[in-house]
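Q: If you want the building blocks of each chain, they are given just below.
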Amino acid sequence: MDLSPDLKVKLDRFLADVERKAFQMAKFSSGNLDEALDLVQDAMLEFVRRYAKQPREKWKTLFYRILQSRITDWHRRSIIRKRFLFWIRPEEDLGEGLNDLLQNLADPKSPNPYQEAVDKEERKALEKAIRALPLRQQQAFLLRAWEGMDVEEAAFAMGCSEGSIKTHYFRAVHTLRRLWEESQP
Amino acid sequence: MKEKEKDMEKKWMERIRNLLDEGLNHLDGRALARLERARNQALRGAPSRYRGILIPLRWLMVGSFATATTAVLVFFSWMHSPSPGMLPAQNPDDFEIITASEQIDFYQNLDFYQWLSTRKNGERKGKST
Numbered sequence: 007m008d009l010s011p012d013l014k015v016k017l018d019r020f021l022a023d024v025e026r027k028a029f030q031m032a033k034f035s036s037g038n039l040d041e042a043l044d045l046v047q048d049a050m051l052e053f054v055r056r057y058a059k060q061p062r063e064k065w066k067t068l069f070y071r072i073l074q075s076r077i078t079d080w081h082r083r084s085i086i087r088k089r090f091l092f093w094i095r096p097e098e099d100l101g102e103g104l105n106d107l108l109q110n111l112a113d114p115k116s117p118n119p120y121q122e123a124v125d126k127e128e129r130k131a132l133e134k135a136i137r138a139l140p141l142r143q144q145q146a147f148l149l150r151a152w153e154g155m156d157v158e159e160a161a162f163a164m165g166c167s168e169g170s171i172k173t174h175y176f177r178a179v180h181t182l183r184r185l186w187e188e189s190q191p
Numbered sequence: 004m005k006e007k008e009k010d011m012e013k014k015w016m017e018r019i020r021n022l023l024d025e026g027l028n029h030l031d032g033r034a035l036a037r038l039e040r041a042r043n044q045a046l047r048g049a050p051s052r053y054r055g056i057l058i059p060l061r062w063l064m065v066g067s068f069a070t071a072t073t074a075v076l077v078f079f080s081w082m083h084s085p086s087p088g089m090l091p092a093q094n095p096d097d098f099e100i101i102t103a104s105e106q107i108d109f110y111q112n113l114d115f116y117q118w119l120s121t122r123k124n125g126e127r128k129g130k131s132t
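So the protein sequences, as listed, match chains A and B. Mapping of the first sequence onto the numbering used here: residues 7 to 191, in sequence order. Mapping of the second sequence onto the numbering used here: residues 4 to 132, in sequence order.
If a hint is listed, it holds; no wrong ones were tucked in.
Away from chain A, derived, C-beta distances all over 10 Å, residues of chain B:
1) E6
2) T70
3) A71
4) A74
5) L76
6) F79
7) H83
8) Q111
9) Q117
10) T121
So these bits of chain A aren't anywhere near chain B, every CB distance computed over 10 Å:
11) G37
12) K59
13) R71
14) K88
15) P140
16) G165
17) E168
Beta-carbon label-pair distances, calculated as ranges:
18) B:L76 <-> A:A22: 50 to 60 Å
19) A:D156 <-> B:L76: 49 to 59 Å
20) B:S80 <-> A:G169: 49 to 59 Å
Hint data in this document are derived by calculation from the structure and do not stem from the laboratory. We put the beta carbon where it would ideally sit given N, CA and C, even for glycine.
Put together the whole structure using the sequences plus the hints.
A: Below, the structure is given as structure tokens:
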């Protein structure tokens, strides 16, 4: 594959912009750090291989389309794995556990350690609630509310109708709101 | 009232977005390093990930288990399979029943027909005497 140095720079910048959100989305869906990294890596490889020469304004939706498709495939495989290979214990995500542990410690040097601790608690509750959403609702919510896609873009990224996006998003917001209110002291 | 609700909804969504964005600043170094490596690999045009070449250990376990189970099943079915000389019916007379096209009811009521024939004979015999 021949990519001009200029295109490489643009692609590098674009991927650096989306990689963290993409990784978080994959992590919410898979619940596993390594699986999430693999999913993002696959999406990057596929995106550069197939769509690098597409116009720049299409990159975001194309990249997320590949990522969401990878995540959906991963879910299908994991359902089959759980159903037929139930005797195999899933890999423990020790790295993430340690990370969670470190994240829960408030930084004493922070100007407002109390607020920081509250934020961390809220973030933890929110991430737990997002992970609990059904896959399609989770994808619709993150693409619309976080990535800022409109209904049409989200429908393209998820490979479904605009009506489905509206339904999934509405249900996701409703569920998250309920879970959020329940988690508040 | 609706305006107030809309305003609250907007604030809530803003808070959610901020918390999610905040989460991006707390990714661990290992994840960030791997993301950077993945990006460079994608830009170099690497054909596939290492996972496609190497078979993960757990799939080797699954393969071994499936092979062992199949071997045991084949062995037992072979042990209990009928020998080539063995026929489904031991008595050659039974073949007639197995291969007959008549309904099975006939054979089930065979005793009755047998009894009926002896009774008719008996009656006839009785009348004649």
